[in-house]
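Here the working numbering runs 132 ahead of the position in the sequence shown, where the first position is 1.
If you're looking for bench data, these hints aren't it; they were derived computationally from the structure. Warning: the hint list may mix true and false statements.
Said to hold, decoys possible - Just the calculated beta-carbon pair ranges, DEER-fashion: (1) R257 - P226: 25 to 31 Å; (2) G198 - H245: 42 to 48 Å; (3) D167 - Q303: 40 to 46 Å; (4) D169 - P199: 38 to 44 Å; (5) T254 - D185: 17 to 23 Å; (6) Y301 - R203: 18 to 24 Å; (7) G160 - P285: 22 to 28 Å; (8) G198 - E241: 39 to 45 Å; (9) A235 - P313: 20 to 26 Å; (10) D156 - A238: 19 to 25 Å; (11) P199 - Q223: 32 to 38 Å; (12) Y301 - Q222: 16 to 22 Å.
Ideal placement from N, C-alpha and C gives every residue a C-beta, glycine not left out.
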Amino acid sequence: MNFLAHLHLAQQCNSHLAGNLLADFVRGDPYRQFDRDIADGIKLHRFVDSYIDAMPEVRQCRQLFGPTTRRVSGIALDMAWDHFLARHWQQFHPQTLPDFVTAARAEVEKYQHNMPESYLLTMNRMWQQNWLLQYQYPETLNTALLRMAERRPRLHQLALTPEVLMANYRQLEEAFFLIYPQVEQAAQQFRPYRSL
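Whole structure, please, built from the sequences with the hints as guidance.
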């Protein structure tokens, strides 16, 4: 899951939105670095990531990628799941996507102090360029993966993944509707234990 799904799941679990976005930018024990509520959000994000990576349905989707792209297939699929969530947003949330994004931004931007510079730069780009709203369009998914490949040379194979995603679009969309409700349920069940 990428930024949109992590925000959606965080809200469902009454978890810290900024903490859930911050998780990819910090290493180690979050409780030694942040207040408990932010650290709880980081732990929820990490749980979701490990849960979805272990799902048989996701492992099957990764087999759609050839030897050249399988190493980065998890990143491409995370972007695809956000795309499908944005595209079918009204089936998962009562608010409109623009209203949700506006409210999420207002909440997340309350927490800017002592955050990693890489996190702040990425969040600034995300809000300014409306990534979360743009995710619903297939062409944005393609552009985002190509830009990631350009910015991070060790992930250059990402440039080849849009072709795989588009060739298997319907199959991945059907998989999303099997995968995401399971992730929602798992996140809800994790919530009471997130600060242990």
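Here's how the hints hold up against the structure:
no.: 1; hint: R257 - P226: 25 to 31 Å; result: 28 Å, holds
no.: 2; hint: G198 - H245: 42 to 48 Å; result: 45 Å, holds
no.: 3; hint: D167 - Q303: 40 to 46 Å; result: 42 Å, holds
no.: 4; hint: D169 - P199: 38 to 44 Å; result: 43 Å, holds
no.: 5; hint: T254 - D185: 17 to 23 Å; result: 21 Å, holds
no.: 6; hint: Y301 - R203: 18 to 24 Å; result: 21 Å, holds
no.: 7; hint: G160 - P285: 22 to 28 Å; result: 26 Å, holds
no.: 8; hint: G198 - E241: 39 to 45 Å; result: 41 Å, holds
no.: 9; hint: A235 - P313: 20 to 26 Å; result: 23 Å, holds
no.: 10; hint: D156 - A238: 19 to 25 Å; result: 21 Å, holds
no.: 11; hint: P199 - Q223: 32 to 38 Å; result: 35 Å, holds
no.: 12; hint: Y301 - Q222: 16 to 22 Å; result: 20 Å, holds
Of the numbered hints given earlier, the model fails none.
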